[in-house]
Structure formats: C-alpha cells, structure tokens
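Enquirer: Here is what each chain is made of, one letter per residue.
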Amino acid sequence: MDTSVEVAGLRLDHAVINGSGTFDAIAARRAFGDALLDEFPFSMFVSKTITPQARAGNAPPRIFETPAGMINSIGLPNKGLAGFLDQDLPELAGLPVPLCVSVMATSHGEFARLVEAVAARDEVAALELNISCPNVESGLIVGEQAPETLSLLQTVRPITTKPLIVKLTPNVADPAIIARAAEEGGADGISLINTLKATAFAPGTLGPWLGAGRGGLSGPAIRPVAVEQVRSVAASVTIPVIGMGGIESGEDALEFLAAGAAAVAVGTATFRDPLAGARVRDELEAAVSARGFASMADIEGRISAWTST
Amino acid sequence: MTPIAGSERASDDRVLAPPGRRLCEVTENLATGGYRIFSVLDEAGPQPRAGQFYMLAAADGWGQRTGRPYLPRAFAVAEAHAEEDGVRVDFLADDVGPGTERLATLRDGEGLWVTGPLGRPFSHPRELGADIAGAILVGGGIGLATLAILRRELADRGVPVRTLLGFRDRKHSGGVEELFGCCEVRLASEDGHVGHHGYVTELLAVLLEGDSARSAAVYACGPPLMLEAVRALCVERDVGCELAMEAPMACGFGACFGCAVPLAAGGYMRLCTDGPVVNAAEIETALVPGSGH
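As given, the protein sequences belong to chains U and Y, one line each in that order. For the first sequence, our numbering begins at 1 and goes up steadily by one. For the second sequence, our numbering begins at 1 and goes up steadily by one.
Source of the hints: derived by calculation from the structure; they are not laboratory data. Fair warning: there could be bad hints in the mix.
[As the list claims (entries may be wrong)] Listed below are several chain U residues computed to face chain Y (Cβ distance under 10 Å; list not exhaustive): (1) R30; (2) F32; (3) G75; (4) P77.
Where a beta carbon is used, it is the ideal one built from N, C-alpha and C, also for glycine.
For reference, chain Y alone in the conformation it holds in the complex (with noise of 0.2 Å):
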C-alpha cells in the first residue's frame, strides 16, 4: 500500500488565501542582472508567509496568439510589504518560456490575475529540532526570491541566519543586490567572478563540518541540483531542512494533481498543497522529472 496524501506537518501554519482569482495592477518591473523583478499590488490579499506562492496570469496576451500560455504560473514571494491600500509583493522571474517571457514584459499599470498565498510555508527552526537555533539559508538563480522573504521572516524573529547564495555566473546572479544588499552574504560563483570559485553546496559542506550541523536548520531553494546536493548533505548528517521546490503544476491549489513529488516512504505528495516547502527527510529525491522546465 503506498500513501498518496503527503505527511501533515503537527504545526502548519498556512496563511489563506481568498477563494478565486483577483486582478491586480502591477506597479513595478525592473531588469536585474538577468532576471527581473515585478511588483503587484494585491488590495483584497493577505500578508503572505515566506515560502508561499501565487499563481499569475496576464490579464492581457495570455494564450491570444498561439494558444500559449494557457495555464497560470506558480511564482514564489520575494517580498511582501503592507501598504496602505493593500499588500505590495514582489516576484523574481527568468525568461524562460512562453509564461515568464510574457510576465518579464509586464508594465506598470497592467493587470495580473493573482490567486493566492497558496501552500505551506517555512517552519520556524524550532520545529526542526528541539536545540536548533539559527538558519542557514541556501540558495541561487531564481531561488533567491523565496529566501529573501524568508531572511526577513527570521531576522524579525530574532533568528540568527547566515546566508550562502550561489550562481552559475554575472548572468544569473539578477537580485542580489535588490534582494539582499541588506545583509551579509557569502557568494560562490561557478565561473569564479564573485566569492568562491566553485558550487555554493561546497560552502554548506564546510558549514556543517562545525557546530553548525547541530545548531542551525538548514533552508535551501534552488536549481534542482542544487537543492539534490543539500538535500543529500542534510539528511546524510541528520541535520533539519527544508527545501523550497518546484514542480509542474496547472492549478496550485491541488486540483490536477500535476505536481507529484515522489516521498520517501513510497507514493508522492502534491508539492502545491502538501509543499512547496518541504522537509529534505521526507522526500526521495529533489530532482523530479519536468522540474527546472
């Protein structure tokens, strides 16, 4: 018998969204480094929790000329911000198809259908084991947005966190500077132009080699290899992580049953609803067939 539902975390504290789609105006996109960087103002949302996602869709051009994109995108928060007529979140996203190509070109004052905050979100270190204290977060390319959300998320926490971001190269390393100009980092570069010269799981390795592998939970979002090698690292060490992954999806809201993650134990979770966020312990692998798309 294998289990089809994915383990209900004891504490999961989910913010709700509002049943249904939403138009909402963007009010911001700008290049950075390779990506770019688009805000929206969402009057009848929530304050998300870091780690949660909304799907998108262009009011306009979506699906008018080719047919494409016809389904909406899952999109992790970068930020979000309460302002006084509503919530400002902000998404990074990389041109790399038919939806992202469409959603990199969004003007000021264009509409966005929005649904969301949808799934489950970063567990506070704590529930990761009991003397766990501090973060280390892990990330690159367009995984930077979901842990910049979550940086703020546990330095208003009283959290300590030490972040390591890695990126294939100067192309791919778009929000550094907007999302984490803030705070120190450290940098590992696979062309060697910033930081260390080589793969940022390298720097983690290190990490957990000291006292850290016990007294700081590790929080990782990524390219799929990525997140495979701390993956392997943590659950190799025994050490509490999340991961924040992507997957194929057509709804977000466990509908289609589209974003199977293959568990542990045998049988799948669906990543939207039982996910995006999830423990590296519970899950067989991060590099799911069609991720990474």
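Extracted from the complex, chain U is given alone in its bound form (with noise of 0.2 Å):
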C-alpha cells in the first residue's frame, strides 16, 4: 500500500518522524554505526532545538523516571547556530531523509536570524520553531500568546519560502488559539504536543529531584492529552498537523491519525527501543491495511467528519 504522506509540503516515505530532541542521528550512529542508516526509523528527521548561542543544559539530575512515563529538564545543550552549521549539518545531510531543523531564540530578531542561516542551507528541507520559550522583549511565553505567535510567524514567515512548522506547547487553555495564530501567520503545519510541566521531590529531602526544579513530562501518561489537543488542534485550522505524545505502537499512532494528525512523532518510546520509530511504522501500517484504507490519504478523508465536531 502507498505509505506516504504529504505534510507542510513535503512528500515523506511514511508517516512517522521523531520527535525533536529525542533522537540523536548521530550519537546513535556513533553508538550503532551505518547499519542505522540501513535501518532508519524515520521518513524525517527534526534536529534537537538549536539556539543562537551555545549551551551547556540545565544542572543534573535531569531525568525522573514516572508511571508510564519520565519528566526531563535537560535545557536545551546544542552547540549554537555557529557549531551546528560547522559540525553537525555535514554529518545530518548523510541521513537516507529529509532533515527538518528546529530553531529557539529568545526575540524576534535573534529567530530571525536563525530562520534566515538555517534556512539558506541546501541540507535543510524544513524548520520547526520551538515556540516554548520566553520573549525577552515582552517578558511572554511566545506559545502561549496568540499574539506572540502571530508576530513571530509575521517576522520570520517572508525570509524563507521552505516549510515552517510550529511546534506548540501543550500548557496552555486551548493550544486551537494558538494553532489559528500560527496559521494566521504563515505557518505550514503545526506540530504538538510538546512536553507537559511537571515536577517530581527526592524522597529524602522533600526538595526537587531536577536540578533545574522543574521539567516535562512524556511517555504514554501524556497520550490522551495528546489525543485531545491535536484533535481540538486539527479542527480548527487546514494546515497539516504532526501528532505526538506517548505513541508507543502502530495503534496508538493509527489513533492520532484518526484525530486528524497528517503524520506522527515518536519520543520517548525511542529512548525504550532505538527503533521504536521503526516498529511503530510496521505496525501502522498493517493497522491501517486490517481497516480495509488503502492509503494515509484515505483515512485523512474518511475521519474529518469526526474531527470537525
């Protein structure tokens, strides 16, 4: 059957990607050699978030393990735009998929900046702006303001005709507002769920466990939520929407799908299974197939009566 999918423009092999910052291409090639590449999970690969400057990340303990789940503060360590386009864009580029890079900066002019570097490069097909993050200039939330997000997508959105994806933050009273905003401004697709705010206390001190305080929760403990925003998220705007949150099978993707979602991210269950990813496609697939679809295409037109209620 035809597995492919088309979203923000670009045609992928399949309809599973990894989620931001949850796969290293090449920490794992370092760790599995060219057989990964043999073996790709992925029909995309979005970068872990890159800032204008380098950063360190955020003091250890990073990671809390949770029901069905784990919370993590891990701050964002990249190299900055300098040392990802020097180091890590050649060896990204030898990935068998098209290579979607995710941005972060702290104002408009700093995105801008990023948007228009990253962007020029040939290696690059896509970029999701990782709207999570505060806007030095008005002291706001980007994704959590409509219009925040709108003017941000007003700023970036003519310096590059290549695909911009949003990727929203979950913590908000309804991420649809935010989604309209994106559109409104520009944006091609819309990618969410990011993690949820969470916390966790060390059993023997009744202080934080994260040494940052504070992280996000992920895994399977999220997934109905995700279900939900990206459901609330597709009935309110006509650009593509990439689902995730807690997907860990062929079903749990396949119901994504049915909420509307034009592809699909894997996260944390990679850190469980490096191909994960990989699975998930196999098993969507066939869930799809049983179902009697004969193509993503088929189901998109078949659950939007659903989704629009």
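Dock the two chains into a complex; use the hints.
Expert: Structure, rendered in structure tokens:
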C-alpha cells in the first residue's frame, strides 16, 4: 500500500518522524554504526533544538522516571548556530531522509537570524519553530500567547519559502487559538504536543529531584491529553498537523491520525527501543490495512467528519 | 562559551551495537552475597569490551502494575564469553528499585530486552601514559562487575594487574568469589569483617606512595564516594586513571541527554556516549547528583 504522506508541502515515505530532542542521529550512529542508516526509523529527521549561542544545558539530575513516562529538564544543550552549521549539519546531511531543523530564540530578531541562516542551507528541507520560550522583549512565553505567535510568524515568514512548522506547547488553556495564530502568520504545519509541565520531589529531602527544579512530562502517561489537543487543533486549522505524545505502537499512531494528524512523531518510546519508530511504522501500516484503507490519504478523507464535531 | 560534547578520545575502540533492542533469553540467575548474578544468551550481538554496558528491560512484568519501571536500566558487563549459539553476557544486580527488583527476580528462560553493547570501553594502560605498563583495579559494591571483565581483558593482553576491592559489610561483598575467585585480590571492609579495616582507597594511597604511581594506571568502579576519592587521589598525583561511572540514563545511546556529567573544563558530557568510562582528569567530580540512586 502507499504509505506516503504529505506534510507541509513535503512528501514523506511514511507517517512516522521523530520528536525534536528525542533522537540524536549523530550519537546514534556512533553507537550503532552505519547499520543505523539502513534501518533508519523515521521518514524525516527533526534535529534537537538549536539556539543562537551554545548552551551547556541544565544541572543534573535531568530525568525522573514516572508511571508510564518520565520528566526531563535537559535545558536545550546544543552547539549554537555556528557549531551546528559547521559540525552537525554536514553529518545530518548524510541521513537517508529529509532534514527538519528545530530552532529557538528569545527575541524575534534572533529567531529571524536563525531562520535565515538555517533556511539558506540546501541540506535543510524544513524548519520547526520551538516557541515554548520567552520573548525577552515582552517577557511572555511566545507559544502561550496568540499575538506573540502571530507576530513571530510575521517576522520569520517572509525570510524563507521553506516549510515552517510551529511546535506548540500543551501548557495553555486552548492550543487551537495558538494554532490559528500560527496559521494566520503563514505557518505550513503545526506539531504538538511538547511536554507537559511537571515536577518530582526527592523522597529523602522533599526538595526538588531535578537539578533545574521543574521539567516536562512525556511518555504514554500523556497520550490521551495529546490526542485531544491534536483533535482540537486539527479541527481548527487547514494546515497539516503532526501529532505526538506517548506513541508506543501502530495503534497509538492510528489514534492520532484518526484525530486529524497528517503524520506522527515518536519520542520517548525511542529511549526504550532505538528502533521504536520503525516498529510503529510497520504496525501502523498493518493497522491501516486491517481497517480496509488503501492509503494514508484515504484515512484523512474518512475521519474529517469526526474531527470537525 | 561552554563545550557541550565530552572530549573525544584519540583511540576509541568501542564495539558497536546492532541497531534497536533484541529479545534475549535469561540462562541463569544466582544469589551472591546480597546481590544477584544473572546471564543472558545474546544470539545476535557482538562480544563487548570491558567498560561497555547494555540497556536492559524484562520482556514481562516491566511497568505492568504501577507503570514503573517504564525505562530500561543500564547495566555494566561483568563477563562475556563466546559460546556456540551466541555470547553469554553476565550482569551483577543489586535490588534497589523498581527496575533492579524485577531484574533480580528473572528466572531461567525468561525474556530480556537488550540494547548494546554501548558506550566507550576502558583504554589500554599505555594510552594513559607512555611509561605505564601495569594496572591497579579499585572497586567495590556493584562496581565489581566492570572490574571483573576488565581484569580478564587486561590479563589476556599480558598486562600485570593488582586488584583492590572494598566493601561496606558482608552483605555488600557479593560477587567476590564468583568474579574474583580466580586471582589474587586485596580486600578492605568498613566493618572489618575481612581484609583491611577501612576504605579501599587507603590501600590505593599506600600503593601510590610507592613507585606504582608512575608505572601503573588506575581503573576504578564503585559507589560515587569511592570514585570521587580515587579521582582526587589520582588527579592530585598526576596518575593516569579511568573511572567507570553511572548516572540517571533513559536511553543509553545519546538521545535523551539525561546522563550529564560535569566536565573539568566546564559544561557537560553525555555519560552514555562519551563514557561510561571517563578519564579522571576530564571530569569535575564523580559525585554527580542523582547517581547512585
């Protein structure tokens, strides 16, 4: 069957990509060698978020296991724009799938500089805007405010014709409002959900376990929340939605497609099995065939009535 | 500007893992002191190097009642032998939490999800100093596992090895017979039930006062406080030293960035890909918050 999907103007071989920051293709190649490229689990590779300057990341501990999930407070360690372009981009260009680069900055001007520099590179097929960050000029979290989201898109949209995918935070009352602002600003796609705000206490001290105090929850624990947010957003915008949040199986992925997603991302499940994405891809194809659909596009047509109610 | 990746060692002869996890069969699970030694038959994986580790999760009973454990657990290799139908890999476990509790109760024939071998192995002594020909192994507790395979690997390469092992008490001295019964070791115990009454690092300090400081490299694996004492002793004396460390780790292959260890030069390394064997001089401390938990 035809497993391909179209997302934000990109034709992808299948519907499963990675969540940003949950798969480091360069580190994975160091562990598994070139065999990884033959069995590459994702139809597009989304990079870990890069910022204008290098960041070391948060003090440890950075992770805490929860029932059916985990809390992380990694703190966006990355080499910065220059380090990414010099060292990582040439390696990522060798992957057998299109590359989407996730970017984040704390002002519209810095965001624009990142988008301009990254989009100019031929190796980059698309950009994801991580908007779960404060705008230092307004003091507001961009992704929590529709006007901030709209004005950011109005700043960066004219810079490139490459697809811009906006990664939403789930930590808002109504993500559909933010999604509509992104669409109005010219976004080509929406991805959600990012992690849910969470914390955990160390039993001994009853102080925070994480070095940074607080973090974000991911894994199957958040899946029902993610499905509802994806459903709500997909029903509110006309641009494609990439759904994610606790996907562990093909049936889980199908649920997101039924909720209106055009593609899905696997994140925390990859920590349990480096090739979880490949398994989800295969199981999804089987689950779709078993229900009598001829293609992924076929599903999209049939469920639209449900998502709009 | 802070560096974010750990230093890349010139020689890094890690054995690569097959991509993805694979289901292996548990072939044995024995009590030893307060610990368990369990073995799996890995039909599809390579022979690991000393210092490398695997991510392990029981095929059944993993997160089914309480949702924990959810993530796999990192385990250093205690020994690995090629057999007719695969590599038999031995691990040493202490029952300290929801993951290790389940692994400690694995029975023969049960399935175990395995990813590995992962991480960077120990260096040859000559890579730690031009004049270094011998090795001093220092360890205790569950850290015995890593030192057992290292001792054998060094002996196979003709490197003279001295081994110093320390324990809190009898309950925490599991694995000595099974893993080091073959060879001469010097023991220390905090409760004095065996060997030197005190810390194993006191035995190390005495050795380093002699000519060993220039002719032998130190390799250590054990509780964070022991590793930190070894690190400080060796860095102070400019003795070549590698530590096999642990840190909270979700994935084991560089994806989650959870296992951050602070570098002496500032910033962090990812212990899973830049370690778990680290040069004592490259890290700021072996006391990483969250490790030993």
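Enquirer: If a hint holds in the structure, say so; if it doesn't, say that too.
Expert: Do the hints match the structure? See the list:
1. R30: Holds - the Cβ of R30 (chain U) comes within 10 Å of chain Y, reaching about 6 Å at its closest.
2. F32: Given a least distance of 4 Å, the restraint on F32 (chain U) holds.
3. G75: holds, 8 Å
4. P77: P77 (chain U) check passes; min Cβ-Cβ to chain Y is 5 Å, inside 10 Å.
Of the numbered hints stated above, none is contradicted by the structure.
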